[in-house]
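Asks: Chain by chain, the residues:
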Amino acid sequence: MSQPRISVYASLANGNAVPTRVIQGAKTLQARTSHYIAVDAVHDELAVPNPFAQAILFFRGGAKGNEAPIRIIQGPKTMLNATDNVAVDPVHREVFTASFPNDSILVFRGDASGDVEPIRILHGPNTKLDRPIRVEVDPVNNVMAVVTDHAILVFNRTDSGDAAPKWIISGSKTGVGTRFGTRDVKLFPEGKKLIAGASIGGRSVERTEEEGRRGGQRFIGVWKYGDNGDVAPWAILNVTPITKIPGTRLALNSEGGDLMVGGDGQVSVYHLPEIFQRRD
Amino acid sequence: MARRLDRSRIRWSVVAAVLLTAALWMQTRDWSGAAFAQQANKTSERRPLVLDRAPARNIADPNPVFRALVIDAEHGEVFMANDKESAGTSVLVYPTQFQPTNRIMEPLRRVAGPKTDLGMVCGLALSVEHRELYSVSGETGTLNVFPLDARGNVGPGRRLIGVMPRASAGVFLDVKNDELFITTEHVNRISVYPRTFKQDQEPLRYIQGPATGLADPHGIYVDSGTNEIFVSNHGNWHKTETGEGEVRGPDSLTRTSLGYTTPGRALPLAPSTGKFLPASITVHSRTASGDRAPVRTIQGPHTLLNLPDGLYRDPVSGEIIVANSGDDSVLFFDKDASGDTAPVRVLKGPATKFKGPAGVSIDAKRNELWVASWDSHMAGVFPRTANGNVAPLRVIRTAAENAPMASMGRIGAVAYDPKRKEILAPN
Numbered sequence: 065m066s067q068p069r070i071s072v073y074a075s076l077a078n079g080n081a082v083p084t085r086v087i088q089g090a091k092t093l094q095a096r097t098s099h100y101i102a103v104d105a106v107h108d109e110l111a112v113p114n115p116f117a118q119a120i121l122f123f124r125g126g127a128k129g130n131e132a133p134i135r136i137i138q139g140p141k142t143m144l145n146a147t148d149n150v151a152v153d154p155v156h157r158e159v160f161t162a163s164f165p166n167d168s169i170l171v172f173r174g175d176a177s178g179d180v181e182p183i184r185i186l187h188g189p190n191t192k193l194d195r196p197i198r199v200e201v202d203p204v205n206n207v208m209a210v211v212t213d214h215a216i217l218v219f220n221r222t223d224s225g226d227a228a229p230k231w232i233i234s235g236s237k238t239g240v241g242t243r244f245g246t247r248d249v250k251l252f253p254e255g256k257k258l259i260a261g262a263s264i265g266g267r268s269v270e271r272t273e274e275e276g277r278r279g280g281q282r283f284i285g286v287w288k289y290g291d292n293g294d295v296a297p298w299a300i301l302n303v304t305p306i307t308k309i310p311g312t313r314l315a316l317n318s319e320g321g322d323l324m325v326g327g328d329g330q331v332s333v334y335h336l337p338e339i340f341q342r343r344d
Numbered sequence: 131m132a133r134r135l136d137r138s139r140i141r142w143s144v145v146a147a148v149l150l151t152a153a154l155w156m157q158t159r160d161w162s163g164a165a166f167a168q169q170a171n172k173t174s175e176r177r178p179l180v181l182d183r184a185p186a187r188n189i190a191d192p193n194p195v196f197r198a199l200v201i202d203a204e205h206g207e208v209f210m211a212n213d214k215e216s217a218g219t220s221v222l223v224y225p226t227q228f229q230p231t232n233r234i235m236e237p238l239r240r241v242a243g244p245k246t247d248l249g250m251v252c253g254l255a256l257s258v259e260h261r262e263l264y265s266v267s268g269e270t271g272t273l274n275v276f277p278l279d280a281r282g283n284v285g286p287g288r289r290l291i292g293v294m295p296r297a298s299a300g301v302f303l304d305v306k307n308d309e310l311f312i313t314t315e316h317v318n319r320i321s322v323y324p325r326t327f328k329q330d331q332e333p334l335r336y337i338q339g340p341a342t343g344l345a346d347p348h349g350i351y352v353d354s355g356t357n358e359i360f361v362s363n364h365g366n367w368h369k370t371e372t373g374e375g376e377v378r379g380p381d382s383l384t385r386t387s388l389g390y391t392t393p394g395r396a397l398p399l400a401p402s403t404g405k406f407l408p409a410s411i412t413v414h415s416r417t418a419s420g421d422r423a424p425v426r427t428i429q430g431p432h433t434l435l436n437l438p439d440g441l442y443r444d445p446v447s448g449e450i451i452v453a454n455s456g457d458d459s460v461l462f463f464d465k466d467a468s469g470d471t472a473p474v475r476v477l478k479g480p481a482t483k484f485k486g487p488a489g490v491s492i493d494a495k496r497n498e499l500w501v502a503s504w505d506s507h508m509a510g511v512f513p514r515t516a517n518g519n520v521a522p523l524r525v526i527r528t529a530a531e532n533a534p535m536a537s538m539g540r541i542g543a544v545a546y547d548p549k550r551k552e553i554l555a556p557n
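Chains A and B, in that order, are what the protein sequence lines are. Residue numbers 65 to 344, in my numbering, belong to the letters of the first sequence in order. Residue numbers 131 to 557, in my numbering, belong to the letters of the second sequence in order.
It should be emphasised that the hints constitute simulated quantities derived from the structure, not laboratory data. Keep in mind that this is a model prediction, so the values were computed, not measured. Among the hints, a few may not be true.
[As the list claims (entries may be wrong)] For lysine-lysine, the following BS3-like pairs were computed, each having C-alpha atoms within a straight-line distance of at most 30 Å: (1) 495(B) <-> 128(A); (2) 256(A) <-> 551(B); (3) 495(B) <-> 478(B).
[Said to hold, decoys possible] Facing chain B, according to a computed beta carbon distance under 8 Å, are these residues of chain A, among others: (4) 140; (5) 154; (6) 187; (7) 188; (8) 189; (9) 190; (10) 304; (11) 338.
Idealized CB from N, CA, C, for every residue including glycine.
All chains, please: the whole structure from these sequences, using the hints.
Replies: Quick look at the structure:
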């Protein structure tokens with residue numbers, strides 16, 4: 065691409081749409097390889113990582129153009145390293161990032177700025193953190209999910225130190241893990257669901273023709289809270305000539321019943337109200 | 131009797147319709163048969179509820195873009211790197227001379243398809259003498275070599291996949307010394323390989339380390355006459371170790387730039403080193419190696435550098451030319467510029483039609499400047515000495531002039547803002 069940017073589209077945008085606004089320019093301090101945006105709807109902020117300058121940038125929710133961040137977490141005390149993901153807990157006002165280079169989860173105060181220490185660090189052999197690339201937080205049910213090399217680990221939200229995960233989703237029936245193409249995990253607190261995808265053939269279970277998916281292809285899976293071990297997804301969106309799943313980057317519009325999937329330079333919006341039912 | 135039969139049929143039809151509706155409604159709820167089985171909490175026997183359906187909407191730009199360009203002046207062809215995934219990444223080849231038109235122009239040929247392994251093709255170089263085209267991928271870091279007349283879905287003749295770090299951005303062939311120079315954003319590095327590299331080739335040398343001034347490097351140009359390397363830097367900096375990013379399996383120095391699935395060593399939690407530096411052009415000795423400081427640096431507010439990308443050197447004046455993607459301009463610096471120096475001329479303004487210029491080159495044979503303008507799906511041709519708000523002599527377009535700007539590149543994430551009901555996608 066030409067320069068780092070965040071393109072913003074209306075939720076009903078379709079086709080070769082014109083963005084409603086674009087956040088770009090030198091003042092924004094974005095890097096070209098930006099792998100995440102966390103939206104804090106409560107405080108109306110966006111959190112964006114910059115892996116090369118080892119920083120977390122915070123913008124106004126309605127930022128546009130060449131607009132500078134309103135604050136930045138950066139400096140020696142932060143221990144940030146190749147930070148390419150960020151999650152926000154607006155309820156407890158905390159910011160999380162999975163640190164790929166050193167198998168840890170760093171947690172900062174949500175209003176932190178400058179050179180600040182993490183308030184919690186999850187790190188150690190019992191955590192089973194192995195090359196974690198994404199973390200997502202559910203402030204309602206007090207859990208956090210982490211994508212690692214070959215599993216999605218679910219911890220208590222406030223776990224720190226060398227705490228073990230409470231649930232581990234991993235194995236051939238699950239097909240998830242970075243090595244299988246999982247690049248994101250999303251949580252739906254009201255329905256107690258966990259959503260993730262993969263694309264490189266992690267699932268080795270034979271699929272029926274009815275299920276419409278050959279082993280080794282891209283899919284988005286939905287698991288329930290409490291799923292533990294080698295558990296097939298509760299629901300699945302397979303790649304087919306009809307679904308054309310473009311990637312495994314995810315966003316949820318739970319009110320609208322929409323799942324957004326990003327990848328291959330495009331965003332597809334799937335209307336899947338089944339996922340967003342609020343009862344268990 | 132007939133009337134009674136009709137009533138009976140109608141009554142049963144109504145009942146059947148109600149039952150059918152109820153069945154359909156039930157199937158749309160999560161207490162369908164599959165869901166009942168799931169709710170029995172026997173996860174080992176779970177059969178997923180299949181949700182396969184077409185997307186309700188899809189946001190995508192189907193038009194190719196121009197990121198890097200390289201010119202074969204001898205044969206009158208320009209090669210352009212299209213790194214837009216939604217349009218299928220490709221190398222597009224056009225003639226350098228054509229009648230001016232504002233219409234979309236079809237390329238003479240294109241290299242595209244799964245066999246090409248182009249990935250996010252970010253940089254191009256070519257050798258007229260050896261009839262070779264070199265492409266680097268910002269995704270995998272691989273360097274692929276194609277015949278200069280390659281066409282269609284063809285595999286590269288040679289690939290460099292050895293220890294090269296991921297996320298390479300620029301490539302330049304030093305014809306005189308028969309060496310390829312490659313920049314890598316993630317680990318602030320310039321790697322040098324022989325043009326005749328083998329698949330697992332070790333670099334001849336590399337420039338990397340805290341003294342180098344490299345900070346998120348992008349474009350690269352090598353002047354074999356003055357023995358200088360010119361590199362554009364966005365300014366995102368963190369301390370790197372010499373050798374960092376080389377893919378050496380468990381023996382890799384760190385995991386950075388190896389790709390998510392390569393083991394590498396886990397680093398201890400340690401003080402962060404990252405900081406933001408002003409954008410720059412660093413000038414290095416062509417033969418430098420390791421953690422060597424640049425011989426000079428163009429950096430500071432007077433330079434107007436703003437997310438600088440592709441670089442070239444004017445073969446006549448020696449001026450350093452840079453595609454300044456952040457402010458839609460092309461800057462020209464004196465051949466000896468150093469420090470906080472203003473450009474000697476600036477090509478900028480609405481007449482230029484620049485939007486996110488990313489690549490520059492000179493056709494020395496025809497005395498013309500070429501600029502690849504990513505956002506506006508366009509490459510423009512100017513007189514070599516153009517200055518100010520000047521219209522291009524002619525343009526190559528992949529989309530109509532009034533088409534939406536190319537805004538999404540590689541999407542690393544997608545987010546939803548429930549307050550504004552908006553979808554956000556970063557490059």
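Asks: Hint by hint, work out which the structure violates, then give me just those numbers in ascending order.
Replies: 1, 5, 7, 8, 9
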